[in-house]
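Going down the list, the sequences are from chains A and B. Here the working numbering is used: position 31 in the first sequence is 31, and no number is missing along the way. Here the working numbering is used: position 14 in the second sequence is 14, and no number is missing along the way.
Do not rely on the hints blindly, as some may be mistaken.
Covered stretches of chain B (in silico footprint by chain A; criterion: 3 or more residues with CB under 8 Å from a CB of chain A, positions within the stretch not fixed) [stated by the list, open to error]:
id, region
1, 15-29
2, 71-83
3, 93-103
Quick caveat, the hints were computed from the structure, so don't treat them as lab data. All values derive from a computational prediction rather than experimental measurement. Virtual Cβ for every residue (Gly too), placed ideally from N, Cα, C.
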Amino acid sequence: MSLQSLTAAALAGTGRPVLIWLASVGRITLFFARTLGHMVRPPFYPREFLQSLIGIGYLSLPVVGLTALFTGGALALQIFAGGSRFNAEAVVPQIVAIGMVRELGPVLVGLMIAARVTSSIAAEIATMKVTEQIDALVTLSTHPVKYLVVPRVLAALITVPLLVAVGDIIGIFGGYLVGTLRLGFNPATYLQSTVNFLEFWDIASSLIKGAAFGGIAALMGCFYGMNSARGAQGVGRATKASVVAAAVLILAANFLLTQAFFSV
Amino acid sequence: MIELRGIHKAFGENRVLQGVDLDIPRGESLVVIGGSGTGKSVMLKCILGLVAPDAGVITVDGQEAGKGDRDAFLARFGMLFQGGALFDSLHVWENVAFRLLRGTLKRPREEAREIAIDKLRRVGLKPQVADLYPAELSGGMQKRVGLARAIAAEPEIIFFDEPTTGLDPIMAGVINDLIREIVVEMGATAMTITHDMTSVRAIADKVAMLHDGVIQWTGPVAELDTSGDPYVDQFVHGRAEGPIEAVR
Ligand SMILES: Nc1ncnc2c1ncn2[C@@H]1O[C@H](COP(=O)(O)OP(=O)(O)O)[C@@H](O)[C@H]1O
Ligand SMILES: [Mg+2]
C-alpha cells in the first residue's frame, strides 16, 4: 500500500467517528431545544412530573448519602496524612468542606445519578419504543416528549441540586466524624472552621453544577431511549450509550463550570 | 373515506412499499392480508403519521393526512397494536381510559374509570381486571385490553394490527366476533391486518392483498375463493408452491 492510500485510510478511519460524533452532538442539541420548547407549552402532565420527582429525587437519597459519607471520611484521612507532611494537619475541616462542596459533591452525585437514573430512564423509554408504546402514545394524542421527557428532565433539574446539597452536607459530616473520632479534632472547632471557611460562591457553584449534571443525566437517558434501535439488543445499546454519554458529559461540564467559576 | 395513492416507503435498501393504492369507504371493514414482513404494519403507520412515506398521498375525507390539526386528526382514530403496546407502568383501567385522563377529552378520574370498566366489560373482561397491571395478564387478555383502549374514545376509524396472532383458536374466535360486533355497533370504518384466514372471513367486507410492495388484489370477501389471482389462491390455501416465494 502506498503512503498516500495509507494516510487516506487513516484519515477515513478517524474522520468517520468524528463525523458521527459531531452528528450526535447536533441531534442532542436539537433534542434539548425541543424539550425546552415543550416545557413551556401546555398540556402539562403533573402526575408524571410528581412520579419523576419521587423516582429521581427522593429514591436517590440513600445512594447519594452513602457515597458522600464514605467519600467525606476518606477525604479527611487523606488530607490529614498529606497535610502532616508539611505540618498542615489543621486544614482538614476547610479542605474537606471546599473539596466536597466545590468538586466531589456535585461530581459524585452527578455520576451516581448517571448510573441510577440515566440507565433506568434509557431502558424504560427504549423498551417503550421497541414495544410500540411510543407509537401508541402518539395515536392517543399524547406527545412523547411532553409526556415522557419533560417531566423527567424538569424533575432532575429541580431535585439533583437538592441531592447535591444533601451530599455536600453528609460528605462534610463524614469528614467531621473521621476528624473528631479518629484524628482528634475538637467537634466545636471543626464545625466552626467549616462554617467560617465556606463562601457564597462555593455553595452556589455546587448547586448550579447539580442542576447542570441532573439535566445532562435525564436528557441523555431520554435521548438514547427515544432513539433506541429495535429489539432487546437495541435497548441494551441505548442504555449503555446513555450512561457513557451522561458520565463523560458530566465530567466535561464539571471542568468547564469549574473553569468559569473559579479560574482567576 | 381513506385513500392511499402511490405510497412508497423504504428503510435503507429495504424497499417495503412501492406504490400502494387503496380505498376504504366509510363504514366498511377492510382486511389486509399478506405474508409477514411485507409492510402491512408500515402501511398502517403511514396513515397514522407514525412513519413518514417517501412518496405518495394519503387523504382522510379528502383532507391530506399530516396537514392541519394533528390532535383532531388522531382523535378520529383508534388503534390496536400488534404487540398490544399497553403502558406497563399504568393500571389496566388507566390504559383503557388514557385519552379520557388527559388532554382535550379529560374528565374526572372516577368518571373515566367507570367508562374504562364499561369498555372492559364490552370486551369480556371482569371489573377486577381494571386494577391489575398489563404484565399480570395473559396474552389474550392483553389483546382485549388493547381492544378496549382502541374503542374507549369511540373513534370513527379503527385499525387492528394482527388482532389474533399468538392466541389459541377459541380466543381468536372471541376476538374476531368482538371486532365484528364493535364495528357494526359503532358504525366505524375499520382496517384489520391479519394472515389468519378465519379472521378474514369473520371480519371482512372487503379484502386487499399486499405483496411485493403493492396491492396485488382487492375485492369483496365473497370473491376471495374465486378471485383467480394466483397470489391470493396460494395465500388462502397456504401452499408452499406458487408465485409467492416461501423463502423471504
Ligand atoms: N422502523 C423500522 N426501521 C427499519 N425497518 C423497518 C421498520 N419498520 C419496519 N421495517 C421493515 O419493514 C418491513 C415490513 O415490516 P412490517 O410492516 O412490520 O411487516 P408486516 O407486514 O409483517 O407487518 C420489514 O422488513 C421490517 O424489517
Ligand atoms: Mg406487522
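Structure-based check of each hint:
With 0 residues having a Cβ less than 8 Å from any Cβ of chain A, the region 15-29 of chain B misses the three-residue criterion, and the hint is violated. Coverage of the region 71-83 of chain B by chain A holds [criterion: at least 3 residues with CB-CB distance below 8 Å; count 9]. Judged by the Cβ-Cβ criterion of 8 Å, the region 93-103 of chain B is covered by chain A as claimed, because 4 of its residues qualify and three suffice.
In this structure, the one hint that does not hold is number 1.
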